[in-house]
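Enquirer: My numbering numbers the first residue of the sequence shown as 4 and each following residue consecutively.
Have a look at the derived ranges for each label pair, beta carbon to beta carbon: (1) I22 with S389: 49 to 57 Å; (2) K267 with K217: 20 to 28 Å; (3) S220 with G143: 50 to 58 Å; (4) K355 with S220: 48 to 56 Å; (5) E17 with K79: 37 to 45 Å; (6) N225 with D16: 36 to 44 Å; (7) G102 with K63: 24 to 32 Å; (8) N184 with F370: 13 to 21 Å; (9) G357 with S187: 43 to 51 Å; (10) K126 with E17: 52 to 60 Å; (11) K8 with N356: 33 to 41 Å; (12) T31 with K62: 56 to 64 Å; (13) R223 with F272: 20 to 28 Å; (14) D16 with F370: 36 to 44 Å.
Here are the computed lysine-lysine pairs in the BS3-like style, where the Cα-Cα straight-line distance is at most 27 Å: (15) K339 with K358; (16) K128 with K118; (17) K101 with K119.
Source of the hints: derived by calculation from the structure; they are not laboratory data.
Ideal placement from N, C-alpha and C gives every residue a C-beta, glycine not left out.
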Amino acid sequence: KTILKKAKIKIKDETIKSINSLNRVVSTNIYSNINYPAGNNAAFDGYAINSKDTNGLKKKFPKKFKIIGSIAAGMKPFKKKIKKFDTAEIMTGGIIPKGFDTIIPIEQIIFALNKKYILIDQKIKKFDHVRFAGSDYRKGEVVIKKNTIVQPNHILAFKSLGIKKIKVKKRINILFFSTGNEISNKDNIPNWMVRNSNTHYIKNLNQNFLFNFKSGSILRDNHQNIFKQKINKLIKSKDDIIITSGAVSAGKFDFIPDVVKKFKLSSYFKSAAIRPGKPIMFAKIKGKEKAIFGLPGNPISSAACFRFFVIPYILNALGLSEEKSIKAILTNGFDKKKNFTRFVKSQLSTTKNGKLNVEILKGQESFRIKSFVKSNIWVLLPAGKSKFKKGDIVDCFFPNLSNQNLV
Numbered sequence: 004k005t006i007l008k009k010a011k012i013k014i015k016d017e018t019i020k021s022i023n024s025l026n027r028v029v030s031t032n033i034y035s036n037i038n039y040p041a042g043n044n045a046a047f048d049g050y051a052i053n054s055k056d057t058n059g060l061k062k063k064f065p066k067k068f069k070i071i072g073s074i075a076a077g078m079k080p081f082k083k084k085i086k087k088f089d090t091a092e093i094m095t096g097g098i099i100p101k102g103f104d105t106i107i108p109i110e111q112i113i114f115a116l117n118k119k120y121i122l123i124d125q126k127i128k129k130f131d132h133v134r135f136a137g138s139d140y141r142k143g144e145v146v147i148k149k150n151t152i153v154q155p156n157h158i159l160a161f162k163s164l165g166i167k168k169i170k171v172k173k174r175i176n177i178l179f180f181s182t183g184n185e186i187s188n189k190d191n192i193p194n195w196m197v198r199n200s201n202t203h204y205i206k207n208l209n210q211n212f213l214f215n216f217k218s219g220s221i222l223r224d225n226h227q228n229i230f231k232q233k234i235n236k237l238i239k240s241k242d243d244i245i246i247t248s249g250a251v252s253a254g255k256f257d258f259i260p261d262v263v264k265k266f267k268l269s270s271y272f273k274s275a276a277i278r279p280g281k282p283i284m285f286a287k288i289k290g291k292e293k294a295i296f297g298l299p300g301n302p303i304s305s306a307a308c309f310r311f312f313v314i315p316y317i318l319n320a321l322g323l324s325e326e327k328s329i330k331a332i333l334t335n336g337f338d339k340k341k342n343f344t345r346f347v348k349s350q351l352s353t354t355k356n357g358k359l360n361v362e363i364l365k366g367q368e369s370f371r372i373k374s375f376v377k378s379n380i381w382v383l384l385p386a387g388k389s390k391f392k393k394g395d396i397v398d399c400f401f402p403n404l405s406n407q408n409l410v
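With the hints as constraints, model all of the structure from the sequences given.
Expert: In structure tokens, the structure reads:
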């Protein structure tokens, strides 16, 4: 993780329409250009009055207020001269004309003389049910801070405040290759072949994350030179990261590390004390903003390594802070090797009294996808401890998106 942090690639900025900014990372603080609301307006349907006109009013001596007009939301406020004991019907969101400072909700209104007047028999507090200009956002106030991932609620604010364009980090471009003679893109395959699931898993993660995905060809067991050519093209292309799946272990056809090491690298590691995914590889091309990840070919190992190595690397490259884990109470025990970090497929749930519980599922072998389908969370069990007991507090991470928005 330390190597990955130091080997960060630089991602440039671009300006885009704010309505198209979902899941993009803002490059600068975004400020409101206006006061919001833009003018004092009614919080309820009712009648606008001048609160001074109600001074001294009592139930025994109600006063008639003359209705001089009606104001709807989206309607220009009328410019009639407002006299003492005048009132105007007003709808929620209607701009309050000068001369009025208070709203009486419609439910409290008593009409008189064929609804030409309303009766008020008590003092009404000034500014009741008024939304003040700038009471939500003041002009120049920060809407969202730099290095925030844009969510739908942010887009609502951009549109409400008239923020048309924003500066964001460019989306990271990932070029992905599966490897191996056994990998097939066909639906009907013999039992010695394997369907290409890793490509489609990672491809679909980009729907709720921060990268563009491009699928390369399947690299076969004798494609060392082809892979070398792909890296050379990467250096000259707009792609930022090459990711491979498979051919990173120590077998006869595991050529990915040997090819990568032929290039000038500023950072490199091969294998980590983790399960699943021990053979993971990473390299950064020296003098270039290009990186290469070699993930294991096993689907669960590949998914775990993408989640705990590639996603943090992308977050860092985009200027985002390190993820915070969800803390949950373990409901069953689990043993592992002391010197290894384990990523375990688990099920997160809540109790009636609001506690977060997590169960480590059966079937933790890296070839098993059934337990991955049943899971809704990864539990990270750190190195340095071998036995985890029921009741222990453990760290949890969403499987298909980052924990970045957790406070």
